Amino acid sequence: MIARYVLGAFLAVVMLVFGTTTYVFLGTRTSHVAEIPQKPTVATPRAQAFSMSGTLYIIQNGALYSLSAGRFHQLTPEAGWTMPSLLPNGTQLVAVKRYPTFSDVYILNRFGQPTKRLTSNIAPARNTDIGANHWSFYPRVSADGKTLWMSYDQPKFGYDVVMSIWALPIGAPIRQGKLWTNAADYSGGDVQPIPVRTGMIYTKYTYGPDNKLVGQLWFTNKAYSAGRALTTPGEDCRSPAVSPSGTQIAMICTYEKQISYLMIASWNGATLGARKGIITNQLVAQPVWAPDGSGIAYLAPGAPAGPFQLWFLPKAAYAPAPTPSPSPDASPSASPTPVAPVKPVQVTTNNGFDATSPLAWG
Amino acid sequence: MAGGLAYFLPAAQLAIESTGQVITLPTPSPTAVLFSPTPNSPSAAPVTGAFTVLLLGSDDDSKFSADHVLTQSMILVRVVPSTKQVTMLSIPRDLYVHLSTGGSGKIDGAYSYGGPGAAMATVSQDFGVRIDDYIWVGLLGLVKLIDAIGGIDVVTSHPVIDDYYPSDIYSRDPYSYERVAVLAGPQHLDGIHAMQYVRSRHGDLQSDFGRSQRQQQVLMAIRLKAKQLSPEDLPALSAALGGELKTSIGLSKVAALLPLAASFDNPDQINQVFLLPPYTHGGGPGGSVTANWGLILPLVHQYFP
Chain A
520 MIARYVLGAF LAVVMLVFGT TTYVFLGTRT SHVAEIPQKP TVATPRAQAF
570 SMSGTLYIIQ NGALYSLSAG RFHQLTPEAG WTMPSLLPNG TQLVAVKRYP
620 TFSDVYILNR FGQPTKRLTS NIAPARNTDI GANHWSFYPR VSADGKTLWM
670 SYDQPKFGYD VVMSIWALPI GAPIRQGKLW TNAADYSGGD VQPIPVRTGM
720 IYTKYTYGPD NKLVGQLWFT NKAYSAGRAL TTPGEDCRSP AVSPSGTQIA
770 MICTYEKQIS YLMIASWNGA TLGARKGIIT NQLVAQPVWA PDGSGIAYLA
820 PGAPAGPFQL WFLPKAAYAP APTPSPSPDA SPSASPTPVA PVKPVQVTTN
870 NGFDATSPLA WG
Chain B
289 MAGGLAYFLP AAQLAIESTG QVITLPTPSP TAVLFSPTPN SPSAAPVTGA
339 FTVLLLGSDD DSKFSADHVL TQSMILVRVV PSTKQVTMLS IPRDLYVHLS
389 TGGSGKIDGA YSYGGPGAAM ATVSQDFGVR IDDYIWVGLL GLVKLIDAIG
439 GIDVVTSHPV IDDYYPSDIY SRDPYSYERV AVLAGPQHLD GIHAMQYVRS
489 RHGDLQSDFG RSQRQQQVLM AIRLKAKQLS PEDLPALSAA LGGELKTSIG
539 LSKVAALLPL AASFDNPDQI NQVFLLPPYT HGGGPGGSVT ANWGLILPLV
589 HQYFP
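For the protein sequence lines, the chains are A and B, in the order given. Residues in the first sequence are numbered consecutively from 520, following the working numbering. Residues in the second sequence are numbered consecutively from 289, following the working numbering.
Calculated from the structure, these hints are not laboratory results. In this text the structure is predicted, and so the values were computed from the model without any measurement. Take the hints with a grain of salt, since some may be wrong.
[Unchecked claim] Partial list, computed: chain A residues near chain B (C-beta under 10 Å):
1) D672
2) K675
3) L732
4) Q777
[As the list claims (entries may be wrong)] Under the rule of at most 25 Å between Cα atoms (straight-line distance), these lysine-lysine pairs were calculated in the DSS-like manner:
5) A/K776 x B/K372
6) B/K432 x A/K558
7) A/K776 x B/K515
A virtual CB, placed ideally from N, CA and C, is assigned to each residue, including glycine.
Make the full structure from the sequences, and use the hints.
Structural data, given as structure tokens:
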């Protein structure tokens with residue numbers, strides 16, 4: 520009789536243990552799709568990843584990080600920071616700090632300390648209209664360090680709020696700024712200004728011939744002039760990045776689909792040359808050229824439909840291979856050594872970088 | 289077994305509560321003949337024939353009473369398993385139609401007047417399409433669903449800037465506004481930002497039509513992400529969707545559809561149809577959109593034979 524009780528208790532314990540174990544086991548079997556990305560400082564690049572030259576600035580969850588010598592450093596708290604860009608002196612950055620209803624542009628030192636606020640976009644204290652606030656995005660500083668270029672949501676047309684390109688002296692109020700582009704109504708507007716030697720390249724969103732909203736790269740060298748298109752509506756391009764030599768432009772084109780290609784084209788200061796697709800099998804975003812010309816960094820998911828990781832494409836993947844000089848003792852019948860295609864390197868694996876924020880690399 | 293039952297119990301509970309909803313057809317209904325009185329077959333046999341589902345999305349925030357919400361999003365989906373073709377037709381929410389419950393009005397009110405049955409019957413009678421089932425998702429449900437699957441990857445077509453976006457999800461005052469700026473390009477969106485992207489319409493020249501295009505982009509992104517899920521994710525998903533999902537599709541049919549959904553992997557086999565001008569034009573009664581049925585019906589019958 521006692522043995523029966525003991526057996527019952529034993530089986531109850533076994534059931535409890537197995538039931539709990541099964542429950543916990545099933546919990547561990549969940550897919551990793553909803554995992555929260557790790558901070559870059561926790562998940563440093565894989566040991567086998569090569570060290571990228573210089574210092575790259577990147578955003579995750581509203582914090583600015585630097586990546587140099589293979590290590591990430593968190594420069595700011597997670598407080599709405601985005602869109603870093605290096606000043607010409609290479610020792611300072613401009614970046615946007617985004618609040619719930621407005622954003623401002625700041626100068627930061629290379630350690631992430633804000634040293635100066637360049638815009639004042641909060642609505643006046645007595646104005647209760649939420650639309651009296653403003654957005655500034657995509658700040659860039661001219662090569663002479665004197666002019667701030669940015670996308671700014673002025674003028675506004677009631678419900679139709681579009682971004683336009685503005686230029687203003689560094690540290691000056693917006694009333695001293697100059698409106699450079701005339702954004703298309705109800706399109707999102709003009710963004711991503713890149714000052715170049717001959718003028719300014721930017722992305723204009725507009726309705727294409729098929730009535731779809733598309734992005735196009737445009738170039739202008741005159742204030743309040745849209746200038747002229749560098750890409751066609753059908754290419755649907757955005758995120759221009761000029762190479763250190765100033766002779767090539769990288770950009771993201773989608774051809775009006777839910778895909779994205781990393782394209783490069785030659786640039787002569789006025790027109791773009793033939794396009795070349797160099798990444799065509801990833802959802803690629805925010806290309807930036809290495810300052811030493813060794814390749815292009817970009818963001819793309821590490822797994823299908825996942826958060827964006829940092830990738831690097833070595834120059835050998837897209838630059839024409841140098842023609843070898845004939846060796847005097849080479850046999851004329853010798854066949855060339857097959858060259859393995861150069862693939863992009865996934866630098867990080869468990870992060871979730873902000874794919875709407877350009878990268879800065881210097 | 290006890291551990292497994294306990295683990296999947298929340299998902300099973302939600303599945304039983306949410307699926308197989310009885311469709312109440314308004315009476316008298318001119319389209320009653322289009323519907324089977326027993327829409328949910330108990331059989332779990334593989335789905336082989338083409339079928340049509342009406343997807344409904346509602347603002348179900350505190351501005352509305354639970355059973356009387358408008359359907360801000362109405363997408364008619366036809367699936368042909370044999371050819372793996374999917375067609376998605378977005379119906380403008382402001383389309384002025386004859387309502388199955390009587391009278392005329394904007395089509396987004398059909399659900400409010402008579403529930404999913406009225407929404408299905410209205411679409412069915414006006415577009416001449418047989419609808420097999422419906423799926424209804426609340427606003428918060430979509431936000432939670434996208435968060436539960438870890439966000440989605442979308443190429444947002446343009447900057448969505450809205451100075452007067454309704455602040456009715458987590459705000460104390462559901463009539464207040466917030467400023468929204470969803471930037472353009474490839475990105476990983478969480479639930480709130482995906483909702484802002486699909487819901488904003490103030491800065492879009494095409495208003496609801498532009499919004500419909502964005503809704504279809506997000507739907508396809510959810511489908512892509514869902515392929516990464518495993519059965520063990522069901523409890524988390526059910527927790528996210530509790531009370532925010534209703535469907536007439538029976539549990540057994542859901543089980544039969546899952547492998548079918550996973551087999552659709554070619555985006556080129558998904559047709560997206562929008563009723564832009566000249567199919568519709570503005571200026572209807574009460575700010576509604578007027579249909580050009582002479583153009584719409586041949587188009588609809590082409591994709592929904």
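Evaluated hints:
Taking 10 Å as the C-beta cut-off, the interface hint given for A/D672 holds, the closest approach to chain B being about 6 Å. The closest approach between the C-beta of A/K675 and any C-beta of chain B is roughly 7 Å, which is under the 10 Å cut-off, so the hint is satisfied. For the restraint placing A/L732 at the interface with chain B, the shortest Cβ-Cβ distance is roughly 4 Å, inside the 10 Å limit, so the hint holds. Look at A/Q777: its Cβ gets to within about 5 Å of chain B, closer than 10 Å, so that hint holds up.
Taken as a hint, the A/K776 and B/K372 pair is honoured in the structure, with Cα atoms around 20 Å apart against an allowance of 25 Å. Taken as a hint, the B/K432 and A/K558 pair is honoured in the structure, with Cα atoms around 23 Å apart against an allowance of 25 Å. Distance hint between A/K776 and B/K515 is fulfilled; the C-alpha atoms sit about 20 Å from each other, no more than 25 Å.
When held up to the earlier numbered hints, the structure conflicts with none and fits them all.
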